[in-house]
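Trainee: Okay, here's what each chain looks like letter by letter:
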Amino acid sequence: MDFSFIIGWYEKHSLAVNQSLIALLLGLPLLRFFCHWLSKNLGKRLSAQSVMLLTKGINYTGTVLVVMFVLWEFGLNPATLLGAAGIAGVAIGFASQTSLSNLISGIFLIWERPFQIGDVIEVDAHFGFVHSIDLLSVTLRTFDNKLVRIPNEILIKSTFINRTRFPIRKLDLKIGVSYDSDPAKVVRVLKEIASKNPYSLDEPAPLIIFSGFGDSSLDFVFGVWFANPDELKLRNSILQEVKERFDKEGIGFPFPSRSLYPGSPSAPFPVQIVEGKPQAN
Amino acid sequence: MDSDSKKDIFRVWRPFQLGEGKMFHCQLSSLHLWVVRNEGEWRIALDHRDDDCGGIRIIEDAEAPESLDWRRFIVGDDGNALQLQPLMPDRPVIVRPEEPITMVSGRKTTFFVGVPVFIRVFAGKNALCELPSEIMSNSWFGTPIQGELCYSFHTKGRRSAQQLSPQSNRAVCPIEIRNESGQDLNFERICLRAPYLSIYQGIERLWNGMVRVTRHREQRLGDIEYVEGPPSFDGASSRLGTQREAPEKSILFKTFDNFNLNLPRL
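Just so you know, the protein sequences line up as chains A and B, in that order.
Letter by letter, the first sequence follows residues 1 to 281 of the working numbering.
Letter by letter, the second sequence follows residues 1001 to 1266 of the working numbering.
It is worth saying that the hints were derived from the structure and are not from the lab.
Some hints could be false.
What the hints assert, rightly or not - Now the stretches of chain B that chain A is said to cover, found in silico as 3 or more residues with beta-carbon under 8 Å:
hint	segment
1	1118-1127
2	1142-1154
Unchecked claim - Below, simulated BS3-like cross-link-like pairs (lysine-lysine); rule was C-alpha separation at most 25 Å, straight line:
hint	chain 1	residue 1	chain 2	residue 2
3	A	Lys174	A	Lys157
4	A	Lys174	A	Lys196
5	B	Lys1125	A	Lys196
6	A	Lys233	A	Lys248
7	A	Lys146	A	Lys191
8	A	Lys191	B	Lys1022
Ideal Cβ placement from N, Cα and C applies to all residues, glycine included.
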């Protein structure tokens, strides 16, 4: 095999080749190392999202500069390249409208900051921690440790809930008690349960509402405020305490029941016993 | 040995020598603490129960119930000295008087508030863990959008230290309030920066340094000063527990940021 052409070309462009190789082999790893160092050292001062945006911005810009330097070394004019990229961009843009839409949505999401990395959000049926916010998509880590990729366009168009945007939240429990219970006593007992539970905030005060007369129960809403990290501890402990305390106070949880009337609501359902066996008329 | 130490409530804060394989059990108010020393390691368990003994019970060479959750600490062979150190809670504490208090203008008074302490357990020179001596409620100081997680408890708002019963697990914080606002001062709660406070030993009680609050004219919040050093009550002198954080220097900033006399509608 004749390598003379390659050797000749190398001898002619040896400086450009060597400089390009140095730029690619040293510049790109150094850039990655610098971004890693930056994310490690800024982690305590900035939010995870800011660090991610900063390091990604530096990484993308640095990579583009290194590539442009290599092309320039081989005699390609960056201005011509950018012009060509512009024309190519229009063509590619038409061909990939969805990606472009996601990209623009991503920029809006980054600008608007409705959530940050680590927040717990709910989008359609998906529910989990925000794992990363990229230009085309947002990834969630669900509570059963799955990764869900959601295109940015969907997030811009649809409604989502950020559960951890604010530091405290309210847990609303719907509680039904039997009709023979004293509503005032139920309210008093619920207040005491909330005040003794260490995860329930006493300020803002718990909200207890006698919400109505259900089919088989007196219905209450028991709203307890908590700090975000205590959600599971509160949910587990307060339900157990409600059950234990209601049992102790003689407040019953009714089973769904239905009354049947044979025509007149005030008269009892007539039952006739024939030879020891009950028979309905 | 079982000692009912209402007479010497400070005994629990002095070092104990714990032999190999021996168990130490102490009860402070409602907190039960068990410590066992084995070869190069210490095991600690705690339980908060309803049987408040109102003081301290110390049982050396005790037996522990089986239901406890133990934690093991590997510290090497660093002596057999066990020491408990009191220190203030790791978050601000919201103190609520049992009844709302109104102070007329131009008056000054001092409230004595017993704050439940945390306990730092030392094995030799190694700090093993910190435990709350009482379970306090969580509370939020601020708006639902921004604020700070605090502990909270109710106080009778005594105006004489003698009215407080000596409790081994509570440090009495004297809070001096001056109303120079020209109008009545009503308050329902006080947010006390507990991490700024040190603990001192008096003759009968544990003490914090004095906290002075002044409400001036046209000021919704009060100026606050955390006085360093023991208060001039009950012969308080030696420091048992150091503050967790140094108070910020800017008193004016700190006042607005950290202390609130919650003023109900008149």
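Trainee: It remains to establish, for every hint, whether it holds in the given structure.
Mentor: Consistency of the hints with the structure:
Against chain A, the segment 1118-1127 of chain B contributes 0 residues with a C-beta closer than 8 Å to a partner C-beta. That does not satisfy the three-residue criterion, and the hint is violated. Interface restraint, the segment 1142-1154 of chain B with chain A: holds (6 residues with C-beta to C-beta distance below 8 Å; minimum three). Restraint check: the Cα-Cα separation between Lys174 of chain A and Lys157 of chain A comes to about 32 Å, which exceeds 25 Å; the hinted pair is violated. A hinted pair counts as satisfied when its Cα atoms are at most 25 Å apart, and Lys174 of chain A with Lys196 of chain A qualifies at roughly 19 Å.
With a C-alpha separation of about 36 Å, the suggested pair Lys1125 of chain B and Lys196 of chain A falls outside the 25 Å cut-off, and the hint is violated. With a CA separation close to 22 Å, the supplied pair Lys233 of chain A and Lys248 of chain A stays within the 25 Å bound. Distance check on the hinted pair: Lys146 of chain A and Lys191 of chain A sit about 39 Å apart at the alpha-carbon level, beyond 25 Å; violated. This hinted pair does not check out: Lys191 of chain A and Lys1022 of chain B have alpha carbons roughly 44 Å apart, beyond 25 Å.
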